[in-house]
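Participant: Position chain B relative to chain A; hints supplied.
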Amino acid sequence: MTSAMEPHAAWQKRYERERKARLEAEAIAEKSTRELYELIQNLKKAAAELRQAKEAAQAASVAKGNFLANMSHEIRTPMNAIIGMTELVLDTELTDTQHEYLAMVREAGNSLLSLLNDTLDFSKIEAGKLELDSDVFGLRERLGDAMKSMAFRAHGKGLELAYHVHSEVPDALLGDASRLRQIVVNLVGNAIKFTTQGEVVLDVACTSQTDATADIHFTVTDTGIGIPANKLESIFDSFEQADMSTTRQFGGTGLGLAISSRLVELMGGRIWAESEPGRGSGFHFTVKFSLAAERPSEAQPPQTVFPHDVRALIVDDNATNRLILNEMLSNWGMQATSVATVAEGLAALRAAYDARQPIHLVITDCHMPGEDGFDLAEKINRNSQLADIQLIMLTSGSEPDDIRRCEQLGVVAHLLKPVKQSELLDAIGLALGLQVTEAEMPLEEARKLGALRILLAEDSIVNQKLALGLLQKHGHDVTVANNGKQAVAAIDGECFDLVLMDIQMPEMDGLEATAVVRAKEMKSGRHVPIIALTAHAMAEDRERCLKAGMDGYVSKPIRARELFDTIAALIATEVPAQSGKTPPAMQGQATTEPATSADALIHWTVALQTAQGNQDFLKELVQLLLEESARLFVEIHAAIKEQDAKTLQRAAHTLKSSLKALGASSVAQAAERLETIGRENRLSDANAAASLLHQRFDPLKIELLAFLAGETTIA
Amino acid sequence: MKGVVFNLLEEIVTLHYGLSAWDELLEKTQLEGAYTSLGSYPDTDFWKLVAAAAAAKGKSDDEIVRWFGRGALPLLAKRYPHFLTPHTHTRAFLLTLNDIIHPEVRKIYPGADVPVFDFDISTPDSLAIGYKSARKLCAFAEGMIEGAAVHYGERVEITQPQCMKHGDEQCLLICSFQSATQR
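Those protein sequence lines, which keep their order, are chains A and B. For reference, each letter of the first sequence is one residue, going 11 to 725 in the numbering used here. For reference, each letter of the second sequence is one residue, going 258 to 440 in the numbering used here.
Please keep in mind that the hints were generated in silico from the structure rather than gathered at the bench. Warning: the hint list may mix true and false statements.
[As the list claims (entries may be wrong)] Below 20 Å or equal to it, Euclidean Cα-Cα: the simulated EDC-like pairs (lysine to aspartate or glutamate) are:
| id | chain 1 | residue 1 | chain 2 | residue 2 |
| --- | --- | --- | --- | --- |
| 1 | A | K41 | B | E361 |
| 2 | A | K389 | A | E354 |
| 3 | B | K364 | A | E36 |
| 4 | B | K335 | A | E34 |
[What the hints assert, rightly or not] Some residues of chain A that are not near chain B, with every Cβ distance over 12 Å (derived):
| id | residue |
| --- | --- |
| 5 | L33 |
| 6 | Q51 |
| 7 | Y111 |
| 8 | H176 |
| 9 | A224 |
| 10 | A239 |
| 11 | T351 |
| 12 | K483 |
| 13 | R641 |
| 14 | D654 |
The beta-carbon is built from N, C-alpha and C at its ideal position, and this holds for glycine as well.
So that you can see chain A by itself, here it is in the shape it has in the complex (with noise of 0.2 Å):
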């Protein structure tokens, strides 16, 4: 059949068929069309509603960072004066009670700061705008470091503190060692507020290592109150303790571990936490550190081998101890043996001795249970058999008369556990009488630095205040200016070692006075180290001081610690002449030897240590000291006449203190003894004192004068 066969009205009502459904399709198109437009639009609005609502978001952000930066920048101004404040007042004249209320302000003040600290980082790291540094660092030393900052905490608990760094593991790091510490420091430091009794040991191993990297694994284990298996994950969580319980016990915010549970996440690693309730916890985190292709200053020094027929004996009651001990001895190619009681030790000693075989070095813990250290110390020297032995005494710096024992034993060296490898190794080589440290300054050395010719630029007076007096206090010649206008005309007029650079100061800002200083200085050549003291505690506060020319970074309040770490750091590499002068008194130009039996009248070594090595420095203390004397003589003999026992106490009180200061501790007795008087109001008894102390004073003047002029050379 084909369709010309068809008629024309069968077409025709195909045709109209056909266009009826195309219209009708056409038209159900154009409401889906339509349909689709309105479900599109509305989309976009919502789009635009949600993009708005995130940028408000995200603005707010902004605001809240912002304001909590200078929420801490306001809050650190006056904690900085609160505590530099009760610092310098600490120093002064007060009684027991005053002296304990103070230190309790201190001790608070800190605690605020770090919580402050906290705060600021968490909210750093919760914005991502926390950065890591990377720089070289020896991982012993600076671990080292931060358990000795816990020590003091850990010991007044009773608690044993140890750290044991596996012989395996590099030691230079490439990695942010100041947030490492910060890790060690709040997981250590949760450890010991949980416990009440045992121990708290960090032991650090390297589970894999490339040429490049090495994946460190660190644990922390406590003997304390455990956390219940429910709560292991969640305690990483913000503001999480174990129970609301716990909180209301140890107190806390709990942000510790949220931080340290990013910051090991920022560091690639994993952290974690395992525990038996009752038994104690450990925690657990990895940190991948790229190997450090030069030494860092702080390293230790090479592996050190001792001598094969070196015999040491180690006497720790704690387990953990004696195997760290034992292994560091080991390692250094020493025999070590170890026993736990004074009794196995003495009898170690003794069949040692008789099987010719004499041991010649003993490490040992201080306190003990039953027969301590002080025991040990005693029988030995009591022995003449076994009076070749050199003892290395490990305290816990709790008892302040331990050190004074020490002394009085003989005892080579005394250290403050946790004992770090470096300090070990340079006691040991004292004892043996081994050169086994490297020609190298070693920190502690560094701080003793010579006086410096010091600009401060501040324009707080209180501020002002607390700067002068720390630096005072340390022997530098200190002038101030009070905006960066005077600091550019002070640096204009004056040489100057070394600038303390305020940041923000009316008339000119410490950036823009460091801009002035450092372009002038294109054309002298000079250079002056300047150093940033400044509130803000952002990082890119201190990218903006080292971009305007400045060459360190302090963080107000200022700390004594800090300000002169960061101040010898720089002395040492920015003024080569500086670093490069050897203290007079390390010029081995020994001739008399000074006096150090027991009463003796003063104790050179101390004095030279107050003055910090620095024997020019010495000299004007003792200058000092002999005007101080004469006057406050005067109004010692005034107050005794005028009944005055106050004004008798705190004359008597401040000639002690720098009596003590530079080692004359027998004439100091004297003058403790009015200073006793005066408290007392027994002025009765206050002339025979008094003579007592001119009695002891007369000789030491006469030694004092010699030394100025030139007839003690102290070595």
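Facilitator: Relative to the frame of chain A, chain B by itself:
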């Protein structure tokens, strides 16, 4: 140009001259002629068809386009009555072009290139309409306005003092309305 324009043209040609007349136009212009309302087709197709119709009727292109506009309006009124029913006068209806009708057109025909008119409403009984489009379809606009006037039972007189085709920057249509019964 949207397919709906071609559909309207086909419908009007068919209405007045029969199915075969449209077939003839397609044959003359050699166009395939399969247009759907939602599709887009070259403007040249439209002008070819207009030119063929003009030749067949012995008229100008503009006259054909104007006739097309007049015829298109009642068809659109049937298809989309809701645009016209709210109004009783041509003027009021025209004033909704920019804000109501053309936006709706864009919703249904994505990508439709509709003109924006420039209305001068300073006089109540007349309306000056500025028109500016690369297509230069002022004649179509005129036809549509006339168609609208018929729809509302009005008479409209349109003068065009400016036209793009004469080199002016835009076309200006001045429309005066009168009620048909007033005569």
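Participant: All hints are to be evaluated individually against the structure, with a verdict given for each.
Facilitator: Here is how each hint holds up against the structure:
Restraint check for A/K41 and B/E361: the C-alpha separation of about 11 Å stays at or below 20 Å, so the hint holds. For a cut-off of 20 Å, the pair hint linking A/K389 to A/E354 stands: about 13 Å separates their Cα positions. Among the hinted pairs, B/K364 with A/E36 is consistent with the structure: their alpha-carbon atoms are about 14 Å apart, no more than 20 Å. With a C-alpha separation of about 14 Å, the suggested pair B/K335 and A/E34 falls inside the 20 Å cut-off, and the hint holds.
Remark: the non-interface label on A/L33 conflicts with the geometry, its nearest Cβ contact in chain B lying 8 Å away (cut-off 12 Å). Annotated as non-interface, A/Q51 brings its C-beta within 12 Å of a C-beta of chain B; the closest such distance is 9 Å. The non-interface label for A/Y111 is consistent with chain B: the shortest C-beta to C-beta separation is roughly 79 Å, beyond 12 Å. A/H176, annotated as away from the interface, keeps every beta carbon of chain B farther than 12 Å; the closest lies near 71 Å.
Listed as outside the interface, A/A224 is consistent with that label: its C-beta sits roughly 62 Å from the nearest C-beta of chain B, beyond the 12 Å cut-off. No Cβ of chain B approaches the Cβ of A/A239 within 12 Å, the least distance being about 61 Å, so the stated non-interface status holds. Taking the minimum C-beta to C-beta distance to chain B, about 93 Å, the non-interface status of A/T351 holds against the 12 Å cut. Against chain B, the non-interface label of A/K483 holds: every CB pair exceeds 12 Å, the least being about 81 Å.
The claim that A/R641 is not at the interface with chain B holds, since no C-beta of that chain comes within 12 Å of its own (minimum 97 Å). With a least CB separation of 99 Å from chain B, A/D654 remains clear of the 12 Å interface cut-off, as annotated.
Figure legend: structure checked against the earlier numbered hints; hints not met, in rising order: 5, 6.
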